[in-house]
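Protein chains: 4
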Amino acid sequence: MISFLTAGESHGQLLLGVIEGIPAGLELASNDINIDLSRRQIGYGRGGRMRIEKDLAEITCGVRWGKTMGGPIGLLIRNKDWVNWSDSMSPDSSLSGCIPPETRPRPGHADLCGIIKYSHDDIRNVLERASARETAMRVAIGAVAKRFLAVFSIEVLSHVTEIGGEKAKLLNRQLDSIIQDAERSEFRCGDKKAGARMRKKIDEAKKKGDSVGGIFEIIATNVPVGLGSYSQWDRRFNAKLSYAVMSIQAIKGVEIGIGFEAARRFGSEVHDAIYYDKVRRRFYRKTNRAGGIEGGITNGENIIIRAAMKPIATLYSPLDSVDIKTKKPFKASVERSDICAVPAASVVGEAMIAVEIANAFIEKFGGDSMTEIKRNYEGYLEYIKEI
Amino acid sequence: MISFLTAGESHGQLLLGVIEGIPAGLELASNDINIDLSRRQIGYGRGGRMRIEKDLAEITCGVRWGKTMGGPIGLLIRNKDWVNWSDSMSPDSSLSGCIPPETRPRPGHADLCGIIKYSHDDIRNVLERASARETAMRVAIGAVAKRFLAVFSIEVLSHVTEIGGEKAKLLNRQLDSIIQDAERSEFRCGDKKAGARMRKKIDEAKKKGDSVGGIFEIIATNVPVGLGSYSQWDRRFNAKLSYAVMSIQAIKGVEIGIGFEAARRFGSEVHDAIYYDKVRRRFYRKTNRAGGIEGGITNGENIIIRAAMKPIATLYSPLDSVDIKTKKPFKASVERSDICAVPAASVVGEAMIAVEIANAFIEKFGGDSMTEIKRNYEGYLEYIKEI
Amino acid sequence: MISFLTAGESHGQLLLGVIEGIPAGLELASNDINIDLSRRQIGYGRGGRMRIEKDLAEITCGVRWGKTMGGPIGLLIRNKDWVNWSDSMSPDSSLSGCIPPETRPRPGHADLCGIIKYSHDDIRNVLERASARETAMRVAIGAVAKRFLAVFSIEVLSHVTEIGGEKAKLLNRQLDSIIQDAERSEFRCGDKKAGARMRKKIDEAKKKGDSVGGIFEIIATNVPVGLGSYSQWDRRFNAKLSYAVMSIQAIKGVEIGIGFEAARRFGSEVHDAIYYDKVRRRFYRKTNRAGGIEGGITNGENIIIRAAMKPIATLYSPLDSVDIKTKKPFKASVERSDICAVPAASVVGEAMIAVEIANAFIEKFGGDSMTEIKRNYEGYLEYIKEI
Amino acid sequence: MISFLTAGESHGQLLLGVIEGIPAGLELASNDINIDLSRRQIGYGRGGRMRIEKDLAEITCGVRWGKTMGGPIGLLIRNKDWVNWSDSMSPDSSLSGCIPPETRPRPGHADLCGIIKYSHDDIRNVLERASARETAMRVAIGAVAKRFLAVFSIEVLSHVTEIGGEKAKLLNRQLDSIIQDAERSEFRCGDKKAGARMRKKIDEAKKKGDSVGGIFEIIATNVPVGLGSYSQWDRRFNAKLSYAVMSIQAIKGVEIGIGFEAARRFGSEVHDAIYYDKVRRRFYRKTNRAGGIEGGITNGENIIIRAAMKPIATLYSPLDSVDIKTKKPFKASVERSDICAVPAASVVGEAMIAVEIANAFIEKFGGDSMTEIKRNYEGYLEYIKEI
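Protein chains in written order, with our numbering: chain A, 1 to 387; chain X, 1 to 387; chain Y, 1 to 387; chain Z, 1 to 387.
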């Protein structure tokens, strides 16, 4: 089973990740990771930080001569801004109080509840870890999972379908074409016209000192039938995917397949009829409203999951708040921030989904080495054809 | 930490549950559980089964003289229909093949992917456990969690906001009044007029041999600030709630607070401004678009979560499918089924959310006995006032 | 992954178990379980209880027509003595106080620390679950794991090597012969002469109102090389086995292979030299001081683990203790108890080890059905020959 | 709950650790960790490596201005020898094959089973992670746990009781005096005379090209009554301690309290009679044969656990083995190695036990900050006095 832990603060020295359970013999280079780190940093409407940091991952252990060894993989991502923060974020007690505590919680952040939960009197102690900066390491870890999945021709893709209420129109578009366009778009959107409207919306928000959220979709292709289970509530694969995606900062909604729309249609318009392809000897569907999962188990169609991201909570325009020390009201606002981080979030979404699929894959096909997993997987594919 | 396992098939002898980690000294009677079991069985549009089974829980261990002992609690719910199924569902090998295998998978169910996953040749081996019958035991376990939460005046409530596209109008309605009306409604809906429209929709579906889904909302009141954490992805409380709710059969979408709507508004219209009440010495919000969770942590406001349920997948009207043995197409249809199970699902939702809140509560406040947890919790409430 | 929960008190209505993660298609009958339940009840020096209870397991779910379905397996073992305890152990609050509380903690039991931990004022609320009665369900669950292992010709055996200081002499004895004799012995001891001395020791203890403990050994044969891992501390297989065995009531020591003796020898007398059998194309050892595990991984030799059991803590002869209510000293003694339970514990040990091996097996070879696991396992055995 | 992951190879660039679940507000400096890292490196009979590496931990995240923030703590320990290994251990695929593979497995190591498990053809890919070098990071993590425990006056101590069969005589010695002497001894042994005999034994082994193991004892003082539980097998505290200690490289046996000796005595000579101290208002024992745990729960007496370590498996004098590629026999021997690592292992043992106690403490007393845990703990201590 894959498990991982990350550590690191937004303005700390570095982010650190350990991923346990990746089989031996997987080809892996830091560049595999850096490509996704860089995809996470692209996007119209990002603030200055994204220009400061050009994230690069260092593989410090677990990989030798380009291949995983079967033990834990250790990753580091250095924060380039650290030079400016080494005092205020120092582990050293002698620097205690070198800058005054932050006592003004921002609505929409963990600030206030974090400070109460952890008995802090300086909000910085909360925001530094609650920050979405942490997702850089998630993306790095997800990139490892993607490398694993790629060996089995499984891809995890994403595109943005909506920003600030501006919707992409993708009817009758092939997935390949959508993704190709999305990868070239500053909005990670497959519909260029919608991209233009999204730009306008972000510009409008910027002018108002406001922010916007949006919706992104993650698609996993070539996932085999049979991952997940209905046997116990926590083994249902849709539930696990939902857990993974909802854990991303600012996500407020998740849906699989046609999602909420399924609640509004008749059953006959929701369920995907079953067909059999005698040539390829496999069952298939002509529709995929289920988003690739039935009864908590993958059914061999593409996995489709969408997530709703709320707007960035750090606004230039002020929101009412209260100083935690003085209890006096103030207007919460900031000098610099992102306006929109939906494209970045979609890359984080890919990472989380990739880890879940890799995990379910390893659970089902076992194996400690790529050799063994391939052998087991091929045996399964043969078996499916014989059904 | 609370953990639980359930066992049992839809037409098996009984459902069985073990719940570990409930503190000692909690007052608990089977009636506490039976009330919720009965709430799960109510609802317009249920098929014949609900009339056969009047679910009753037996507490077989873990409780002595009306109080939990601190050890695992064992629960049984007998399937009244067992007499008619004791041969076809017998554990005894001598009855093997006493009825012919089911080889016709129903679209929208685990049937087809379950049979491939588990190498079965009889779909009954899949559908019996994949069935939502299993949720009766979840409701029983949730009822135990609710009893625990009630000691701390935390309530977990639910109502149906939409069935088959018919929406409840609840603007300017107080929660108490919504819930009161919902508890009296066959649709668990707080808006009587919407209820009438829902009835029509269900009747229409029935006539067409079709089914409908819908949306329900779960609200947890009086949850303290500070449950969950941003420290690691899997500790975020919204993610855990999403996991729990998405694990319920037929759920295809989950949203917290204003959910998907948050993706369409400007940030200034999403985040909940912070105020301070000097008399009660607490921070509060005038709005609750966040649904009670910021940065993965409860913020002291009501927790609000909505789930989208797809229509029942067992239809009277036929859907295309393929026999797994002969590979010949057929029209999947059934004689008897529910038309709509949204009200029942909302009660299951309460149960799952109650377990998650109880679990986070015990994680934060520790303690092996009610005495100890109360002492710790009261200390925390005192501390909050002193902030 | 296999996981399980048990519930039930020593004098409650029944013991209840749920085991999750057993693959589909495993042949399983209640008789498979009952044989081990009965082996657990045999043994010279047991008190009256063993004569009252003839444990029988009911498979209530998870098995259909003699085969597992892939979902959770539910088991019940009824306590025959329940008729005499239905009031004092009733879940019903109306019976509260129908017998006076027990306030006299017995040294060597969980009584005193349990009552403090759980804020109880009646020791019965502690002792009922802390009792070794619970191990009946562990044996039942272990029997399921053994059935699984048997398909791969893996056996988990045990024998008693020492009771009350009387040691079996087994030098130059074949394992088969030891086990055969042990299965016929009231002491589960492979050395008949030692058995005679053990009987004397138990009789002596009985006369003195005292009790004796002992040492048993568990052997697992035909376990494949490669279970467990050194990758992370909690994946080391010896550590997991130790966890499992030390969790049995009254176990105070565990050792693997030559165990403590290894600490006293030179390295050259401890490590097992490596040889290669060209005919069977496998590496092997002439010695097995490691007990089948090197570096946290099984090495293909028999797994050997020994456990030290302290004497039964319930004595006829009195020990000093203090009433928890009055704080007055008293002499703790009982009317009826076992003198020696080492043979029973060795059967429990088998069960726990069987579950751990089955779990590691499933982790390595994956698979949801016996068909799939066999296919994967055979592929691995082929691969080993090709090394 | 505390959890942690480590990563890093013996000759890799660095060791890396992430520890999750340490409460906020704990004072922590790298020096707290470095003291234990240095204690791990002391010991008569260590090879050259210990002189190369003077381990120092860097706290890279989770701590600000001398206090934990409540999020994960990230630690690094650089391998000073890395300069000599940067090619042979490089993650870069271009260096693949820059040195020939190691194909000669050493008996007593993970070498052979590791290579089979992970489908490797170079033993270095196994030994690098299986090596006890990894325990440096465990000691660092344990030091964090110890800092936590120190706030509650809980100490975790250790001393060596036996090396190569030479036993310390400690009868009638006070714990303080034993530990004081042990801390000054190259053998971590509290008996100076035994130390002299241990030196001789190690010298003898060295001369013969052999190695020796031994036994160490860990003692935890001031642990409150009530940690652990009998409720479910995996919650028993002795079992968890056993898991933790047996996970240390080369440990083959574990015992609690008088351990194996308990199996040889009459019950009346094993169980610890209960007394009550009216002045300090607490129950106590005059003996502690149980080693501080009864029924899986701490009883307030010192926790005592001993572990048997086998001799170092890397010998100067040759052992039979077989080349994995050629299948030809060879004599396994090495140029440089430790003769005895028992003193180091005892420090690792402290670390593992400290983590387990801290974990059980946090589970029982809950809390996210030191303030909160102290409040809860004090409430419990008050309650105990009132029993």
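One thing to keep in mind: the hints can contain errors.
Covered stretches of chain Z (in silico footprint by chain Y; criterion: 3 or more residues with CB under 8 Å from a CB of chain Y, positions within the stretch not fixed) [unchecked claim]:
1) 87-100
2) 160-173
3) 226-239
Bear in mind the hints are in silico, worked out from the structure with no lab data behind them.
Even glycine gets a Cβ: it sits at the ideal position worked out from N, Cα and C.
Three residues minimum, CB to CB under 8 Å: does the stretch 87-100 of chain Z make the cut for coverage by chain Y? Let me know.
violated (count 0)
Between the stretch 160-173 of chain Z and chain Y, are there enough contacts, at least three residues with CB-CB distance under 8 Å, for the coverage claim to hold?
holds (count 3)
Closer than 8 Å Cβ to Cβ for three or more residues is the test here. Does the stretch 226-239 of chain Z pass it with chain Y?
That given contact holds, which follows from 10 residues of the stretch 226-239 of chain Z lying within Cβ reach (below 8 Å) of chain Y.
This entry does not satisfy hint 1, going by the numbered hints stated previously; all others are met.
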